[in-house]
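S.K.: Residue-level listing of the chains:
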Amino acid sequence: MSYALEIEGLEKVYANGLQALKGIDLRVAQGDFFALLGPNGAGKSTTIGVICSLVNKTAGTVRVNGVDIDADFPRAKRHLGVVPQEFNFNVFETVEDILIHQAGYYGIPLKTALERIDTYLAKLGLLEKRKTRARMLSGGMKRRLMIARALIHEPSVLILDEPTAGVDIEMRRSMYDFLREINEAGTTIILTTHYLEEAESLCRNIAIINHGEIVTNTSIKNLLRELHCETFILDSRQALPETLTVDGFELTRVDDYCLEAQIEQGQDLAELMSQLHERGISILSMRNRENRLEQMFVSLLEQAS
Amino acid sequence: MTAYEQWVALLTLMRKEVRRYTRIWSQTLLPSAITMSLYFLIFGSLIGSRIGEMGGVSYMEFVVPGLIMMAIVTNSYANVVSSFFGSKFNNSIEELLVSPTPNHIILLGFVSGGVSRGMLVAVIVTIVASLFVDLNIHSYLVVVAVVALTSILFSLCGLINAVFANTFDDINIVPTFVLTPLTYLGGVFYSLELLPDFWATVSQANPLVYVVNAFRFGVLGVSDVSVGFAFIMIGAFTLVAYFYAAHLLRTGRRLRT
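In order, the protein sequences belong to chains A and B. Just so you know, we're using our numbering here: the first sequence kicks off at 1 and counts up by one. Just so you know, we're using our numbering here: the second sequence kicks off at 1 and counts up by one.
The following block holds chain B by itself, in its conformation from the complex (with noise of 0.2 angstroms):
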């Protein structure tokens, strides 16, 4: 495919992923909004306000950003594990496979759908979020960088995890078990120096920490590790997480027999 046919493709599996979830908006972008209204009420005004100062700002300041990225990234990997796993149980994914579209283009069609759908839902929450706090942003780039690099991240994620998946139940196992547990534990609600030593040392192994951390410092200015690490880190997971779900898609593994 010429240059221009590939863009053409792009832009056609960038038009059907999109239209899919802003035709079911209020499965897709409100529940995110309902959500995340509930915690910054709950955890932020009602409990935040008696615990007073976490990692020298209000409590409740502490967890909005945390909780934003939260936001991003259960949208980014519920957008394309659906779309993509939907895509082979009906085989309309048998389309793309037998076009000559190149696996690089699927990859960031399905990639651009769950990374557009990550950042609307985050700016939905930020206008929830500044109803219940006055934000102001430290560092504009590294919030834009985070949020890009985390969509894209889980995205592809989402599209591992469809790609091994045989039923709809299988969707939801990661989603339910892996994420929902690494994002609690990943200093959504809580700074790492609360923890001891030990699960302090065990959650550098936990890739929301440097995305929450790194979203935080973007926010406020304050993070429980170095910014440029945590940069470096989740480089480092989408970097694998490209290549393996190119790899998938290359080998054809669960998708042609």
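Chain A extracted, bound-state conformation (with noise of 0.2 angstroms):
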């Protein structure tokens, strides 16, 4: 197989001493859409920084489309695009010029940058903003604006460190169709995100990064299959009483008409409807209490810790 990202024994100490990275291994597929996911100080945006050059790793390999970040770090960057979590473009400028700008640093001539400039800024649905200085743009378009310009010279490997954040649902969700569909033309997408159903809906393959460490690297199926149980909010059309329970199911009272019922793997939920029934109460509308990937999350955590 082909990897679009391969780190072996990747290190990070900072000067203060901090072990931001503790011998970390990865590989992400050619053509995958990949989540990192980790709680605030984890090790993500380090791990980022290393395989774009912002950081200077202590140990370890790194290598992009197989080349060797070592061996010939500019040709590994012409592969990657970045789009990191902080806006990093002058506000004073203008979109067009930073477009431009970007793309002559990769070596592309004025005239292919322009095309590619509105092809873009047409997709990400910034062309009437195009002549408009960076800092009269909403958070959301800067966002964009960051996607376009990671964009610029066409890499094969897209990397995106929480590039949702501050953007409404509507963008978001143009944002997703926008990653799906250059996902599905061929380029490999790797994405921090601390929106875990963004995970759920968009990726195939997680890893989990906690204190330095790779807590688990598998399919997002994979990862979803080993949930134990699963937590449903059931509304009820009569009033609650207020002790209730049901033979092998465990019951949360939350108010006089709602309640919490954990689901082990392999229980009927229809059981506890019927039995529920017997009891004069009818469900009127049920639904997960939070995202499953979530649950496994904190789980994975807790357990690493």
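Bear in mind the hints are in silico, worked out from the structure with no lab data behind them. Errors might be hidden in some of the hints.
[To be verified] Simulated restraints, written as ranges between beta carbons of each label pair:
| no. | chain 1 | residue 1 | chain 2 | residue 2 | range |
| --- | --- | --- | --- | --- | --- |
| 1 | B | Tyr4 | A | Asp72 | 12 to 22 angstroms |
| 2 | A | Glu115 | B | Phe229 | 51 to 61 angstroms |
| 3 | A | Glu115 | B | Leu29 | 31 to 41 angstroms |
| 4 | A | Gly186 | B | Thr167 | 36 to 46 angstroms |
Built from N, CA and C at the ideal position, the CB exists for glycine as well.
Since each chain comes alone in its own frame, lean on the hints to assemble the complex.
M.R.: Printed below as a string of structure tokens:
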């Protein structure tokens, strides 16, 4: 298998002695849509920083599309597009100038750059803002500008560090569609996010990092399969009794008309409904209490610590 | 990167740098014209007429090359220090660092911005000076060479300052407490012959002495130091600054964590 990204034994110790990465091993296949998850300070941004040369590694190897960054970093960089977490462009420049400059830094002539700018600004809904200074853009527009900038040299690997932070729901959905589209066209996407449902809906594979170590690295499907129980919120038509027990099920009364039920893997949800009905309680609606991946994420981090 | 791609990257940086200072011309180009007009008026015309000759020429003629050089030094330095530090401050320097642009192109791009501003200001100040005194250039070759080398040297110094600066105050410390005193003590307003032996010897360590005197030789044909030696010293200072700036970019000191 060809890998878009291969990381072996990656370590980073900062000047203040903080060991941010403790020998990370990670592989991302070409064409994958990969999520790198972890709590704040886990080492996600440090890992991305090393890959794109903003952080000097202490030990380990990193290869981008088979190119070792120690052997030929400029060639490795040509394969990479990076959308950082913080805005990092000159806000006094126009959208067009920011993109022309970035294209130029990759050796792309002005004529080609202008054609690509048309394409990406149109796809990201920024065409009308072409001559606008970046400081006049909304937060969501600035984030889309950073995506356009990262794609201007048409990299085969796109790394996005929290790309939808501060982006409204509608724009987030259109951004998801755009990312799916370029992934289907062959671009490998590596995503870090705090929105776990984002990872669940977009990504095929996932790595969870905590305290500078990879806690798990598997497919989203496998990860969710390991989930042993789910919590459902049930809304009742009738007022619930003060104490309510159903054999074989763990129930928690939330308020007069709402209760939570823990459903273990293999348990029959219809059995619960039936028993509640026998007690004169009819259920109006039912939903998951929280994102399943979030439950798994918390559980894995608890195990790791 | 291929040679052509490096050329594109360099042109991009140069375009960006030139557009930056021309967009704010009232802050970057105009002040030198006004300041130098005042210098010419006060030190040249009013006070200079009472001083008489210095170094074999009128005092007005004597100070003109030094003042032009002072404008070149401050502008080339200020351009790179503010542009590079600004990029660091708003993190847009990361656009360059994550790209495959080689360090020597980054260096050349920023320096070319400083050099072009230094030269543009030199032309403006020379035009202003010609309103006060007839300038008959002694050696165009020396003039062009000194202006080019000096603006390269001080652009490099500006970049080094910007790499180490953490705040906007830090980019003003060197021009205020180092550059300005060195310029005033570099023989802009007086001949080194006027100094006691000890201070004349101390002045030999001041790069501005060589810059000002070499330029004065190019314009007037007079100098306190040997022009050949001045070129060697300016060249040596430039090489040291270049290799140190290149070293800073290569190691990523204060730029990469």
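S.K.: Mind checking the hinted window 51 to 61 angstroms against the Cβ distance between Glu115 (chain A) and Phe229 (chain B)?
M.R.: Hint holds: Cβ distance 54 angstroms, inside 51 to 61 angstroms.
S.K.: Holds or violated: the 36 to 46 angstroms window for the beta-carbon distance between Gly186 (chain A) and Thr167 (chain B)?
M.R.: Since Gly186 (chain A) and Thr167 (chain B) have Cβ atoms about 45 angstroms apart, the given range 36 to 46 angstroms holds.
S.K.: For the pair Glu115 (chain A) and Leu29 (chain B), does the Cβ-Cβ distance stay inside 31 to 41 angstroms?
M.R.: Holds, since Glu115 (chain A) and Leu29 (chain B) (Cβ atoms, about 35 angstroms apart) stay within the stated range.
S.K.: The hint says 12 to 22 angstroms between Tyr4 (chain B) and Asp72 (chain A); measuring C-beta to C-beta, is that right?
M.R.: 19 angstroms, holds
Comparing the model with each numbered hint stated earlier shows that all of them hold.
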